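Novice: If you want the building blocks of each chain, they are given just below.
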Amino acid sequence: MQAVQVLDAKGLACPMPIVKTKKAMKELASGEVLEVHTTDQGAKADLSAWAKSGGHELMKVEEENGVLKFWLKKA
Amino acid sequence: MTEQKKTTIVLFSGDYDKTMAAYIIANGAAAYDHEVTIFHTFWGLNALRKDEPITVKKNFMEKMFGKMMPRGADKMGLSKMNFAGMGPKMIKDIMKKHNAIPLPQLIEMAQEQDVKLVACTMTMDLLGLHKEELLDDIDYAGVAAYLGDAQEGHVNLFI
Numbered sequence: 001m002q003a004v005q006v007l008d009a010k011g012l013a014c015p016m017p018i019v020k021t022k023k024a025m026k027e028l029a030s031g032e033v034l035e036v037h038t039t040d041q042g043a044k045a046d047l048s049a050w051a052k053s054g055g056h057e058l059m060k061v062e063e064e065n066g067v068l069k070f071w072l073k074k075a
Numbered sequence: 001m002t003e004q005k006k007t008t009i010v011l012f013s014g015d016y017d018k019t020m021a022a023y024i025i026a027n028g029a030a031a032y033d034h035e036v037t038i039f040h041t042f043w044g045l046n047a048l049r050k051d052e053p054i055t056v057k058k059n060f061m062e063k064m065f066g067k068m069m070p071r072g073a074d075k076m077g078l079s080k081m082n083f084a085g086m087g088p089k090m091i092k093d094i095m096k097k098h099n100a101i102p103l104p105q106l107i108e109m110a111q112e113q114d115v116k117l118v119a120c121t122m123t124m125d126l127l128g129l130h131k132e133e134l135l136d137d138i139d140y141a142g143v144a145a146y147l148g149d150a151q152e153g154h155v156n157l158f159i
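Heads up: the protein sequence lines correspond to chains L and U, in order.
Numbering-wise (the working numbering), the first sequence opens with residue 1 and increments by one.
Numbering-wise (the working numbering), the second sequence opens with residue 1 and increments by one.
Check each hint, because a few of them may be wrong.
What the hints assert, rightly or not - Capping the alpha-carbon separation at 27 Å, the derived lysine-lysine pairs in DSSO-like fashion look like this:
hint: 1; chain 1: U; residue 1: Lys6; chain 2: L; residue 2: Lys74
hint: 2; chain 1: U; residue 1: Lys63; chain 2: L; residue 2: Lys22
hint: 3; chain 1: L; residue 1: Lys44; chain 2: U; residue 2: Lys92
hint: 4; chain 1: U; residue 1: Lys6; chain 2: L; residue 2: Lys22
hint: 5; chain 1: U; residue 1: Lys50; chain 2: U; residue 2: Lys5
hint: 6; chain 1: U; residue 1: Lys63; chain 2: U; residue 2: Lys50
hint: 7; chain 1: U; residue 1: Lys50; chain 2: L; residue 2: Lys10
hint: 8; chain 1: L; residue 1: Lys73; chain 2: U; residue 2: Lys96
hint: 9; chain 1: U; residue 1: Lys63; chain 2: L; residue 2: Lys23
hint: 10; chain 1: L; residue 1: Lys20; chain 2: U; residue 2: Lys96
hint: 11; chain 1: L; residue 1: Lys26; chain 2: U; residue 2: Lys5
hint: 12; chain 1: U; residue 1: Lys57; chain 2: L; residue 2: Lys26
hint: 13; chain 1: U; residue 1: Lys63; chain 2: L; residue 2: Lys20
hint: 14; chain 1: L; residue 1: Lys44; chain 2: U; residue 2: Lys63
hint: 15; chain 1: U; residue 1: Lys75; chain 2: L; residue 2: Lys74
hint: 16; chain 1: U; residue 1: Lys96; chain 2: L; residue 2: Lys10
hint: 17; chain 1: L; residue 1: Lys22; chain 2: L; residue 2: Lys73
hint: 18; chain 1: U; residue 1: Lys5; chain 2: U; residue 2: Lys63
hint: 19; chain 1: U; residue 1: Lys5; chain 2: L; residue 2: Lys52
hint: 20; chain 1: U; residue 1: Lys116; chain 2: U; residue 2: Lys75
hint: 21; chain 1: U; residue 1: Lys75; chain 2: L; residue 2: Lys22
hint: 22; chain 1: U; residue 1: Lys18; chain 2: L; residue 2: Lys23
hint: 23; chain 1: U; residue 1: Lys92; chain 2: L; residue 2: Lys26
hint: 24; chain 1: U; residue 1: Lys18; chain 2: L; residue 2: Lys10
hint: 25; chain 1: L; residue 1: Lys73; chain 2: U; residue 2: Lys6
hint: 26; chain 1: L; residue 1: Lys52; chain 2: U; residue 2: Lys116
hint: 27; chain 1: U; residue 1: Lys57; chain 2: U; residue 2: Lys18
hint: 28; chain 1: U; residue 1: Lys6; chain 2: L; residue 2: Lys23
hint: 29; chain 1: U; residue 1: Lys18; chain 2: L; residue 2: Lys60
Unchecked claim - Sample of chain L residues facing chain U (criterion: CB under 7 Å; computed from the structure):
hint: 30; residue: Leu7
hint: 31; residue: Lys10
hint: 32; residue: Gly11
hint: 33; residue: Leu12
hint: 34; residue: Ala13
hint: 35; residue: Val19
Said to hold, decoys possible - Restraint ranges, calculated between C-beta atoms of paired labels, are given here:
hint: 36; chain 1: L; residue 1: Ser30; chain 2: U; residue 2: His154; range: 22 to 30 Å
hint: 37; chain 1: L; residue 1: Ser53; chain 2: U; residue 2: Phe158; range: 20 to 28 Å
hint: 38; chain 1: L; residue 1: Val6; chain 2: U; residue 2: Asp93; range: 48 to 56 Å
hint: 39; chain 1: L; residue 1: Ala29; chain 2: U; residue 2: Lys97; range: 32 to 40 Å
hint: 40; chain 1: L; residue 1: Met59; chain 2: U; residue 2: Asp33; range: 18 to 26 Å
These are calculated hints, taken from the structure and not from any lab test.
The model shown is predicted, which means the values in this text are computed figures rather than measured ones.
Glycine included, each C-beta is placed from N, C-alpha and C at the ideal position.
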């Protein structure tokens, strides 16, 4: 599960994490993994709902010192 | 992904907070790859006004309306706790601390994400607003065009 790109969305408020994730995902090829870091607690629900709707796979979520880390595999 | 989904929002309100909610939803929907339309009517038209004064020929009532309404999104008041203009100053300060995006940037971002911004021409006439006073690259339409989008909409909101 090697991410090809890490998106730093720490400190950003809604709706920025999702807007930036969408932009970053657009650059990836199918099957590639994007790693997203956020501090917005709403991002947990946001990113999993967004990934589901787009058919992407949310492979893993981790929390570390208030920073949420997501690994998204592009559909 | 299968078919293109649509989100339509009628922005009737001219309040900073409500407009902010509308534009956050619009930007979110655009990130969901929806085709997004915001139909601005009545006080919501003020979100589309340029902030600089534009000289256009107006009658007395139109001039009065133009002076009394906020010139652009940044000059809007709050729907609650406006405190004669102190409220917006306070909320903008708090927003900065929380890294929330100010309304003018949300509008810019919506345009970058190809959100269709539509001004209702009938209410533009009522309020005496002219195309020259509104942002560039927006559309002009009436209720039928809105309904054309909304009837295929998966999310339809009135704010």
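Novice: Does each hint hold? Answer for all of them.
Specialist: Results of checking the hints against the structure:
Distance restraint check for Lys6 (chain U) and Lys74 (chain L): the Cα-Cα separation of roughly 22 Å lies within the 27 Å cut-off, and the hinted pair is therefore satisfied. Note on Lys63 (chain U) and Lys22 (chain L): the hinted pairing is violated, with a Cα-Cα distance of about 43 Å set against a maximum of 27 Å. The straight-line distance between the Cα atoms of Lys44 (chain L) and Lys92 (chain U) is roughly 26 Å, inside the 27 Å bound, and the hint therefore holds. For the suggested pair Lys6 (chain U) and Lys22 (chain L), the alpha carbons sit about 17 Å apart, so the restraint of at most 27 Å is met.
As the CA atoms of Lys50 (chain U) and Lys5 (chain U) are separated by approximately 31 Å, the hinted pair breaks the 27 Å bound. Annotation: proposed proximity of Lys63 (chain U) to Lys50 (chain U) holds, straight-line Cα distance about 16 Å (limit 27 Å). The suggested pairing of Lys50 (chain U) with Lys10 (chain L) is violated, with an alpha-carbon distance near 32 Å, which exceeds 27 Å. Simply put, Lys73 (chain L) and Lys96 (chain U) have alpha-carbon atoms about 33 Å apart, too far for the 27 Å limit, and the pair is violated.
Our distance criterion of 27 Å between C-alpha atoms is broken by Lys63 (chain U) and Lys23 (chain L), whose separation comes to about 43 Å. Between Lys20 (chain L) and Lys96 (chain U), the direct Cα distance comes to roughly 19 Å. Compliance with the 27 Å bound is thereby established for this hinted pair. Under the criterion of a C-alpha separation no larger than 27 Å, the hint pairing Lys26 (chain L) with Lys5 (chain U) is consistent with the structure, at around 18 Å. As the CA atoms of Lys57 (chain U) and Lys26 (chain L) are separated by approximately 46 Å, the hinted pair breaks the 27 Å bound.
A distance of roughly 41 Å separates the Cα atoms of Lys63 (chain U) and Lys20 (chain L); the hinted pair therefore is violated under the 27 Å criterion. For the hint linking Lys44 (chain L) to Lys63 (chain U), the alpha-carbon distance of about 49 Å lies beyond 27 Å, and the restraint is violated. At roughly 41 Å between alpha-carbon atoms, Lys75 (chain U) and Lys74 (chain L) are farther apart than 27 Å, so this suggested pair is violated. At most 27 Å may separate the alpha-carbon atoms for a hinted pair to count; Lys96 (chain U) and Lys10 (chain L) meet this at roughly 15 Å.
Between Lys22 (chain L) and Lys73 (chain L) the CA atoms are separated by roughly 12 Å; this keeps the pair inside 27 Å, and the hint holds. For the hint linking Lys5 (chain U) to Lys63 (chain U), the alpha-carbon distance of about 41 Å lies beyond 27 Å, and the restraint is violated. At roughly 15 Å between alpha-carbon atoms, Lys5 (chain U) and Lys52 (chain L) fall within 27 Å of each other, so this suggested pair holds. Proximity of Lys116 (chain U) to Lys75 (chain U) is assessed by CA-CA distance (about 22 Å); at most 27 Å being required, the pair is judged to hold.
Among the hinted pairs, Lys75 (chain U) with Lys22 (chain L) is inconsistent with the structure: their alpha-carbon atoms are about 30 Å apart, more than 27 Å. Only pairs whose Cα atoms come within 27 Å are accepted, and Lys18 (chain U) paired with Lys23 (chain L) is accepted, the gap being roughly 26 Å. Taken as a hint, the Lys92 (chain U) and Lys26 (chain L) pair is broken in the structure, with Cα atoms around 32 Å apart against an allowance of 27 Å. Pair hint Lys18 (chain U) plus Lys10 (chain L) holds up; C-alpha atoms about 26 Å apart against a cutoff of 27 Å.
At roughly 25 Å between alpha-carbon atoms, Lys73 (chain L) and Lys6 (chain U) fall within 27 Å of each other, so this suggested pair holds. Straight-line distance between C-alpha atoms of Lys52 (chain L) and Lys116 (chain U) comes to about 25 Å, which keeps the hinted pair within the 27 Å bound. A distance of roughly 31 Å separates the Cα atoms of Lys57 (chain U) and Lys18 (chain U); the hinted pair therefore is violated under the 27 Å criterion. Simply put, Lys6 (chain U) and Lys23 (chain L) have alpha-carbon atoms about 19 Å apart, close enough for the 27 Å limit, and the pair holds.
Taking the CA atoms of Lys18 (chain U) and Lys60 (chain L), the gap is about 35 Å. The hint is violated against a cut of 27 Å. Checking Leu7 (chain L) against chain U: minimum C-beta separation of about 13 Å lies over 7 Å; hint violated. This hint is violated: Lys10 (chain L) has a C-beta 10 Å from the nearest C-beta of chain U, more than the 7 Å allowed. At about 5 Å, the closest approach between the beta carbon of Gly11 (chain L) and any beta carbon in chain U falls short of 7 Å, and the interface hint on this residue holds.
Checking Leu12 (chain L) against chain U: minimum C-beta separation of about 6 Å stays under 7 Å; hint holds. Checking Ala13 (chain L) against chain U by beta carbon gives a least distance of about 4 Å; that is within 7 Å, so the hint holds. Interface hint at Val19 (chain L): satisfied, since its Cβ lies 5 Å from the closest Cβ of chain U, which is below the 7 Å cut-off. At about 25 Å, the beta-carbon gap between Ser30 (chain L) and His154 (chain U) stays in the expected band of 22 to 30 Å.
Remark: the range hint 20 to 28 Å for Ser53 (chain L) to Phe158 (chain U) is upheld by a beta-carbon distance near 23 Å. As the Cβ distance of Val6 (chain L) to Asp93 (chain U) is approximately 32 Å, the hint placing it in 48 to 56 Å is violated. Checked against the hint of 32 to 40 Å, the pair Ala29 (chain L) and Lys97 (chain U) passes, with Cβ atoms roughly 38 Å apart. Separation of Met59 (chain L) from Asp33 (chain U) is about 21 Å and conforms to the stated range, judged on CB atoms against 18 to 26 Å.
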